[in-house]
Amino acid sequence: MEILDEGAGELVGWRDPDENREWVRANKSRALKDKRMTVSDAVRRFVRDGDYVAIGGFGHVRVPMSLVYEVVRQRKRDLTVAGKTAVHDLDILIGGGCVSRVEVAYSFGHELRGLSPCGRRAVESGRCKVVAETSNAGYQWRFLAAAMGVPFVVSRNLLGTDTFKKSSAKKVRDPWSGKPVCLLPACYPDVAMFHVPRCDAHGNAQIDGIIVEDFELARAARRVIVTTEQVVSDDLIRREPHRTVIPFYVVDAVCEVPWGAHPAQMPYEYYFDEEHIRLWLQMSASEEGTEDYFSRYVLGVQDYEEYLERVGGIRTLNRLRQIEQYRPPLPEQE
Amino acid sequence: MEILDEGAGELVGWRDPDENREWVRANKSRALKDKRMTVSDAVRRFVRDGDYVAIGGFGHVRVPMSLVYEVVRQRKRDLTVAGKTAVHDLDILIGGGCVSRVEVAYSFGHELRGLSPCGRRAVESGRCKVVAETSNAGYQWRFLAAAMGVPFVVSRNLLGTDTFKKSSAKKVRDPWSGKPVCLLPACYPDVAMFHVPRCDAHGNAQIDGIIVEDFELARAARRVIVTTEQVVSDDLIRREPHRTVIPFYVVDAVCEVPWGAHPAQMPYEYYFDEEHIRLWLQMSASEEGTEDYFSRYVLGVQDYEEYLERVGGIRTLNRLRQIEQYRPPLPEQE
Amino acid sequence: MATTYTETELLACVASHMLADNKSVFVGTGLPMIAAMLAQRTHAPNLLLIFEAGGVGPQVPVLPISVGDSRTFHRAVVASTMHDVMSALQSGYVDYGFLGAAAIDAYGNINTTVIGDWARPRVRLPGSGGANDIGSLCWQTILILRQDRKKFVERLPFITTPGYLYGPGAREAEGLPAGGGPYRVITQLGVYGFDEETKRMALVARHPGVTVTEIQSNSEFEIIIPAQVAQTEPPTGSEQRILREIDPTGLVVGR
Amino acid sequence: MATTYTETELLACVASHMLADNKSVFVGTGLPMIAAMLAQRTHAPNLLLIFEAGGVGPQVPVLPISVGDSRTFHRAVVASTMHDVMSALQSGYVDYGFLGAAAIDAYGNINTTVIGDWARPRVRLPGSGGANDIGSLCWQTILILRQDRKKFVERLPFITTPGYLYGPGAREAEGLPAGGGPYRVITQLGVYGFDEETKRMALVARHPGVTVTEIQSNSEFEIIIPAQVAQTEPPTGSEQRILREIDPTGLVVGR
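Protein sequence lines correspond, in order, to chains U, A, V and C.
Sequential numbering of the first sequence, starting at 192, is according to this note's numbering.
Sequential numbering of the second sequence, starting at 192, is according to this note's numbering.
Sequential numbering of the third sequence, starting at -14, is according to this note's numbering.
Sequential numbering of the fourth sequence, starting at -14, is according to this note's numbering.
Next up, chain U with everything else stripped away, as it sits in the complex (with noise of 0.2 Å):
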């Protein structure tokens, strides 16, 4: 199985598995403890200046914003962030001067709202390096080497184009049917942060709707906070367990945040804030502008309360949840 080709990307969050397992072994608890605390302790614990950090959810949905916020009031810095098809919590973190380098599936980008002011003037400038490219498979993939702890997954994108070359991604001969295959580096990031519609004080999460790649993630990741709607009992849990997504033993913090994914969407629960998300992309199209952002919605704000009354409180809320759970407004009243 010869090695016929590989990116140049640079390898980032690969770990030697057997490192890592003794990582597992001497800092990963087995036992069903309460790890409850607050955004502002999870992130002071848990995240660290120079971390590669990578955010579950996708897009703009189910994305733990209020950790995201922590992050940027922390001032954590240097931070390397998987763009796996990260969107508003990589501009956020970009813009709050913490990110130095990203490994980019998709990044700088809002979707169909438009290209991020912010993060592509952050890479354009040099300020924020994209050290390696890749696909979204292909960092799912990455994430799903790592969580079977095992160094590489073999896969049959990439190849031929200049992402495999910017990638960390080797291509090699399969010893099978004799043709050449893409080997993927397993991905164990630093930290891995959710958020999930419930959880248990031990970390027991269930997601509703589609898992995108958090199953993975979660497994793959040295450190994990969980933000969720809400703290439920250990019995809900265990009455279904077939809904536990992310297991209690890869679980290092456990906050309690209602409506922490705003203003990205949590599915059944609340939609888009669509004017959010415009008025941060209308504000970060210039440096003074990102700096007004934040010193309103970030570091002028205690807490995340304080910011859910900022972007309007109850009633932005409530017509946030009306809209996801497609219930008609009122009739406007004569």
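There may be inaccurate statements among the hints.
[Claimed, not checked] Straight-line distance between alpha carbons at most 27 Å, and here's what the computed DSSO-like set of lysine-lysine pairs gives:
(1) K8(V) to K320(U)
(2) K362(A) to K361(U)
(3) K356(U) to K370(U)
(4) K356(A) to K135(C)
(5) K356(A) to K370(A)
(6) K356(U) to K370(A)
(7) K370(A) to K320(A)
(8) K370(A) to K370(U)
(9) K362(A) to K320(A)
(10) K320(U) to K362(U)
(11) K362(U) to K362(A)
(12) K136(C) to K356(A)
(13) K361(A) to K320(A)
(14) K370(U) to K361(A)
(15) K8(V) to K356(U)
(16) K320(A) to K136(C)
(17) K370(A) to K219(U)
(18) K370(A) to K362(U)
(19) K370(A) to K361(U)
(20) K362(U) to K361(A)
(21) K370(U) to K219(A)
(22) K361(A) to K361(U)
(23) K362(A) to K370(U)
(24) K320(U) to K361(U)
(25) K8(V) to K224(A)
(26) K219(A) to K8(V)
(27) K356(U) to K135(V)
(28) K370(U) to K356(A)
(29) K224(U) to K8(C)
(30) K356(U) to K320(U)
(31) K8(C) to K219(U)
Bear in mind the hints are in silico, worked out from the structure with no lab data behind them.
Starting from the known structure of chain U, arrange chains A, V and C on it as the hints suggest.
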């Protein structure tokens, strides 16, 4: 990435991923269509002499026994069976003269209940050949590779043992760590069979409790037959789409077979029929007994409903339901 | 009987006509989503929608904004994982995939990563997302983009997603699954396929009112022009009506 | 104060004492299950049970018969998949794994596959099941088997599951995860560990009433006997009572 070692076990079930893609393109329908049929039709249409057969569930749990008996009734021959902790199903197929080859993770035994006289007799006489060894995780990951459409998956088990030497795995040097790793070749069975609690007419199948390896196996196999306790409406599936483990597009046949796992356990529905398993173990201790068993319970009955009558009918089945659901029997009447 | 229609309506209808019934399509947001929903409501009711974040076969109530949006798994048959749908893609279960692009070359390779130098880009674009996966792994990709000489280029600064790479057999030689590749390119001027022999872009049909000269002059590379060039069907009134139902606020169609 | 106890009760109690609280154990059916449940009800209430078919952290109401039995995921914290739990095992999340065996050698390698020739066996046994996975991937395996000269052998006809293979460093040289391997062997005569230097079996403790001579004469290979040999604690009355609660019909303990 040099090849350091390779097992001498026969490579069964492997396919070139491109060849399988072509097959999927031509043979697996993407249309939501009614796939309901009788067990007899499903076996006639989708199980062929010489097939590599893999059966869902685990041990004596959630096994599609109505299909297993039907394969015997239709006198299918020369099957290769995946011994992926295959117990009663494999035993019945061997006893029925259907099996000539087995790839073994766990076979010829009934866990705590003891070894299988029938399976052992077949192997020890040479009538049934063990073509390769693997482990439970080894099989699981062979199916994972096939489900992913890649030629192999990396693992760190099997190495250094005779299990490896008699497997179809290879040992190579991981190009990142420099350490030896095991490569498990993809396994695409010709046909896989499952029993599930609920499934719609199109083949969207939901499973309660542990999934074991059915997620991967259903996606790995070329043809898929699903028997179900109940065919439910499309609407019911769409209300809880996160519970769909086997998607319709991999399913070829759907058969409604209440109590379709007997004498195996159906989680939350009915318990193992220990009496019947014991009866089989006793009768299969001799060739004559085995023949008697088949004429009484398989060849001598018209269909699965008649089989259920022979094993004790409603009274037996109600008792098994009581045990599974932890309902104590009524106190004996004076 | 001249009807009025917008460019976006035309592109949506042309894309929708390419999707056969009883096939599967990997859908992105925007125009592809509109085209797929239009196909379902016209000639392809049994078209299977698959979204890269995990939604399979939803009954989409409202136009989704994102590929992970809960609208993409509303009353779905499966609400699954990226691993599952990407594996289905890699295994050959997906017939069509839609792609957009910042630029394309004659072999249907596309760039969505960068303009200028990769290490110090003039314009940094979002990158592959699922595009490389779709372009590598689905059976037939359909590319939709605006055509001009800056977008139809001789040489891409960066190949994000494979088309036919550098010619016949190149995909297979690199290890990509056999038999895949770009099927059609749709622009505001016409519809293109790829020449069997050279795998270079060839005109299939021009839109009403567009000349072959316009088509050629809006491309840096030479487009193969066959002797007979068909003309695309303009949107019908009924199609336009359905498009308005699908996108009542004009989020996409109104652009 | 002499109490009466059966051999099975002794083995269950000895095995149970090895399981520390707040650790995880991959559990099979039979004696390992009994030992783990006993540990949970005595010194290790927070011992995490994991079953290879997918059950994690159940509140087991009744002794399960099979590793896939619904009792193994009754009120579990996760009802998962084999892929998930085997991956957790491979990733280092599992502290203990129990194994039974038909035979063992001095390095703790075990055979559960075949007696005689593999191609035409005298006795065909079930094979690895999850044993090779456990022996390869968990941190510390605990082996339980009856000891005699036919089971403690110089040379196994087939190594199903790795112990220390052929000595120090062998596991790592073959590619198995570093730092794993057999921790203890429990038989009806005593408890064994493995010598640091040679990785060969060494006596740790003998059961009450058993002599070192008996221990040695019931093994084909030489067992390292240290200067000081401890004696195992016999089951207490309280342990015996709990064992009867766990297995009221004597399915396992009655054997």
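Taking the hints in turn, this is what the structure says about them:
1. Distance check on the hinted pair: K8(V) and K320(U) sit about 41 Å apart at the alpha-carbon level, beyond 27 Å; violated.
2. As the CA atoms of K362(A) and K361(U) are separated by approximately 18 Å, the hinted pair is consistent with the 27 Å bound.
3. For the hint linking K356(U) to K370(U), the alpha-carbon distance of about 19 Å falls within 27 Å, and the restraint holds.
4. Only pairs whose Cα atoms come within 27 Å are accepted, and K356(A) paired with K135(C) is accepted, the gap being roughly 24 Å.
5. A distance of roughly 19 Å separates the Cα atoms of K356(A) and K370(A); the hinted pair therefore holds under the 27 Å criterion.
6. Annotation: proposed proximity of K356(U) to K370(A) holds, straight-line Cα distance about 25 Å (limit 27 Å).
7. Note on K370(A) and K320(A): the hinted pairing is violated, with a Cα-Cα distance of about 34 Å set against a maximum of 27 Å.
8. Annotation: proposed proximity of K370(A) to K370(U) holds, straight-line Cα distance about 23 Å (limit 27 Å).
9. Taking the CA atoms of K362(A) and K320(A), the gap is near 25 Å; set against the 27 Å cutoff, the hint holds.
10. Distance hint between K320(U) and K362(U) is fulfilled; the C-alpha atoms sit about 25 Å from each other, no more than 27 Å.
11. Taking the CA atoms of K362(U) and K362(A), the gap is near 18 Å; set against the 27 Å cutoff, the hint holds.
12. Pair hint K136(C) plus K356(A) holds up; C-alpha atoms about 22 Å apart against a cutoff of 27 Å.
13. At most 27 Å may separate the alpha-carbon atoms for a hinted pair to count; K361(A) and K320(A) meet this at roughly 22 Å.
14. Between K370(U) and K361(A), the direct Cα distance comes to roughly 16 Å. Compliance with the 27 Å bound is thereby established for this hinted pair.
15. Annotation: proposed proximity of K8(V) to K356(U) is violated, straight-line Cα distance about 33 Å (limit 27 Å).
16. Between K320(A) and K136(C) the alpha-carbon distance is near 26 Å, which keeps this suggested pair within the 27 Å criterion.
17. The straight-line distance between the Cα atoms of K370(A) and K219(U) is roughly 25 Å, inside the 27 Å bound, and the hint therefore holds.
18. With a C-alpha separation of about 18 Å, the suggested pair K370(A) and K362(U) falls inside the 27 Å cut-off, and the hint holds.
19. Between K370(A) and K361(U) the CA atoms are separated by roughly 16 Å; this keeps the pair inside 27 Å, and the hint holds.
20. A distance of roughly 18 Å separates the Cα atoms of K362(U) and K361(A); the hinted pair therefore holds under the 27 Å criterion.
21. Proximity of K370(U) to K219(A) is assessed by CA-CA distance (about 25 Å); at most 27 Å being required, the pair is judged to hold.
22. For the proposed pair K361(A) and K361(U), the alpha carbon gap of about 19 Å is at most 27 Å, so the pair holds.
23. Under the criterion of a C-alpha separation no larger than 27 Å, the hint pairing K362(A) with K370(U) is consistent with the structure, at around 18 Å.
24. With a CA separation close to 22 Å, the supplied pair K320(U) and K361(U) stays within the 27 Å bound.
25. Between K8(V) and K224(A) the CA atoms are separated by roughly 12 Å; this keeps the pair inside 27 Å, and the hint holds.
26. Restraint check for K219(A) and K8(V): the C-alpha separation of about 10 Å stays at or below 27 Å, so the hint holds.
27. Under the criterion of a C-alpha separation no larger than 27 Å, the hint pairing K356(U) with K135(V) is consistent with the structure, at around 24 Å.
28. Our distance criterion of 27 Å between C-alpha atoms is met by K370(U) and K356(A), whose separation comes to about 25 Å.
29. With a C-alpha separation of about 12 Å, the suggested pairing of K224(U) with K8(C) holds against the 27 Å cut-off.
30. For the given pair, K356(U) sits about 17 Å from K320(U) by alpha-carbon distance, which is consistent with the 27 Å threshold.
31. As the CA atoms of K8(C) and K219(U) are separated by approximately 10 Å, the hinted pair is consistent with the 27 Å bound.
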